[in-house]
Amino acid sequence: MNAIQARFKLDYAGFSLDVDLQLPGRGVTALFGHSGSGKTTLLRAIAGLEKVPGGFLEVNGTVWQDATTFLPVHKRPLGYVFQEASLFPHLSIRRNLEYGMRRVSAGSRQVSLDQAVALLGIDPLLDRMPDKLSGGEKQRVAIARALATSPRILLMDEPLAALDLKRKNEILPFLERLHDELDIPVLYVSHAPDEVARLADHLVVMEQGRALASGPLGETLARLDLPIRLGEDAGVVLEGTIAELDAEWHLARVDFAGGSLWVRDSGVPLGQHVRVRILARDISIARVAQSDSSILNVLPTTIEQLTDDTHPALALVRLNAGGVPLVARITRRSAARLALCPGLNVWAQIKAVALVG
Amino acid sequence: MSKRFLSLFASLLVLGFATPLRAAEVQVAVAANFTAPMQKIAADFEKATGHQAKLAFGATGKFYAQIKNGAPFEMLLAADDETPAKLENEGLAVSGSRFTYSIGQLALWSAKPGYVDARGEVLKQGAFDHLAIANPKLAPYGAAAVESLTRLGLLGSVEGKFVQGENIAQTYQFVSTGNAELGFVALSQIVENGKIKSGSAWIVPPGLHSPIRQDAVVLTRGKDNPAAAALVKFLKSDAARTVIKSYGYAL
Amino acid sequence: MLSDTDWSAIRLTFELASITTLLLLVIGTPIAWWLARTRSAWKGAIGAVVALPIVLPPTVIGFYLLVAMGPNGPVGQLTQSLGLGVLPFTFAGLVVASVFYSLPFVVQPIQNAFEAIGERPLEVAATLRASPFDTFYSVVLPLARPGYLTATVLGFAHTVGEFGVVLMIGGNIPDKTRVVSVQIYDHVEAMEYAQAHWLAAGMVAFSFLILLALYTLNPTGRRT
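Chains as they are written, first to last, in the numbering used here: chain C, 1 to 357; chain W, 1 to 251; chain V, 1 to 224.
Relax, there's no trap hidden among the hints.
Restricting the straight-line Cα-Cα distance to at most 25 Å, the calculated cross-link-like pairs of lysine-lysine (DSS-like) are:
#1 V:Lys43 / C:Lys51
#2 W:Lys54 / W:Lys245
#3 W:Lys40 / W:Lys54
#4 W:Lys40 / W:Lys236
#5 W:Lys68 / W:Lys137
#6 V:Lys176 / W:Lys161
#7 C:Lys168 / C:Lys132
#8 W:Lys137 / V:Lys176
#9 W:Lys54 / W:Lys86
Since the hints were made in silico from the structure, they are not lab data.
Given only the sequences and the hints, what does the whole structure look like? Please build it.
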């Protein structure tokens, strides 16, 4: 279900944008890339903040831009969250929140002010002025303000990039709630792999103004042509549920489609839906099961594909664990010594698993 | 250093010192309305005597304030006769050096040809919106204009149409730009070689107002300057008087 | 102390300054907006024209206005063809001249305020469904308030203090064009120092109070 179709081509000196994307009409789509990759420009083009002549944009069946149409920004039913909260300094928090909501006809209001306030937990802030708020609080207000316009799509431009780790962790749970409780598609620009791993359902990898890949998160992360570009952050994200808690060793078992993994028990209740992230550098490969190793998580897998990594010493191996893709980064020497080749059944030894949400 | 350069240097030195030995300089403050004739007179003066007159032009009232506060002028050619008298009374001028170097003539002038008739009847008809005059409180020509209108019995009927320039130069601008149809200006502003330059004018008969005397005086600083004495003498000469008259002043 | 003509000059001065300031805020806003936002090559040229009155001697401005608004000048031809007559020696003429003369003192603080706001709040407002006009009233004007306060005070004070231009095109007509600054000049030139002092001291006090108010109420709006 591709609710968003976007075609944009821009050519500036030293920067170009050339994308033709079909994006899902639900869930969070991450536009991921390094700075200068064109992800923010793409987001601004979708919002209409950047005029890209000759572009085409359709959202949920409505043409926002084509050869003859250019819907001005204020007529597009979207919410936009900038990197800096950009609250109106002359208005109280309540007036900031009402600013957009009042400009939406009563009939098309689907998110109430109370709902937005509750979702972002900003009730105690309502009567303050923006300059009395912390960076994290401001950004939560900015998100609520965008939501209060009942947008048909929410565009977020690195909303956490200007915040320190503490503030970031303060907001991430709210973003996850957003994801779980509201049925509004989100385009989320980020250069932080951990945010993407935590929030995204769909991933678009941008580089030099082009979309290198676009697809469901798990699949896209396991593509071997992308890890090369992701470098140290190469890895996959698995979805699972907490199936068992081991009180003695303070561990929790996460069951996913291709097996189960033990992670540190961080207090997540039984039955909770979670995501775990496994980096390629944290997986090693063994031809035979090792019983005398300290490694807790060992999964039976089949090798699907082998490629060279950027460094001549390294190789990337795509593994299939019961239908779920994993990616391992090992040395080429080991690959040769173990005579690894597609179709071979091997054991994936997983050194570290991070619960990301 | 080459011989040629040395001899050039020497001759420059000789030239530089030779002039002051024979001739002197005099610093003169000159009323702005007398600018053009004075430039001509100063040139003639230098040719005839070798002395140099350094001229500064401006408003007489400002010169008065500057002289009182120590300005280095040696002579004043004023736009009136009161200021030189006052300076003499206050001991800032050489007593007995005062003399009238010119008498201003008042003219009713319009930038439009044929607008002002040869007898000034246009004033009686009153078919104009603005009559420009110099501020009578401040400028002798303005006072003379009001005096003349009073004598003609027209003051009451035209007073409401006055637009005032702060000085005679600004009054001239009002008329020359056509913003005022006509105005009382100094004849010296509108004549060249004894003829009206442009537009139309009526020279107000001198009998209608007290004479607009412009007096000159030697200031205390110029007391012993031979160039000052020479300039006084030159201003009274026939040559200078001819120049002065050609610029629209009476004597 | 103060004569009837002095009071008449004071009243006239305040009328002139009030009307001029009001007009300047109306005219200055779109000019300031354009100067603050445009990327046009004309920005420099237009900005320079607006700033000219700051550097030109008032008598030069006054002289050119006198010529331009006179019966043979381009402005004069226009006003005549519109049936308005010519502007010099009229109150309306003083207003027009003052508007031109005080323009930079109103445009520049507003322009600075607009520039300080930047693009972002305008973009935010647009994503919150505000049309450009709506944005201007609900975001730009409130945020530019310090600039407007500075502009109002400077425009008013500068018009009160202007002299050379009024002298050149006013004609010193009682109740019509004789404003306080000209009246003071006349008193001084006529050596009526006592009356000049009263008026001048009043003007100094007024200017001081108005600037004091500006700097206390609006500590950030000091840049012009």
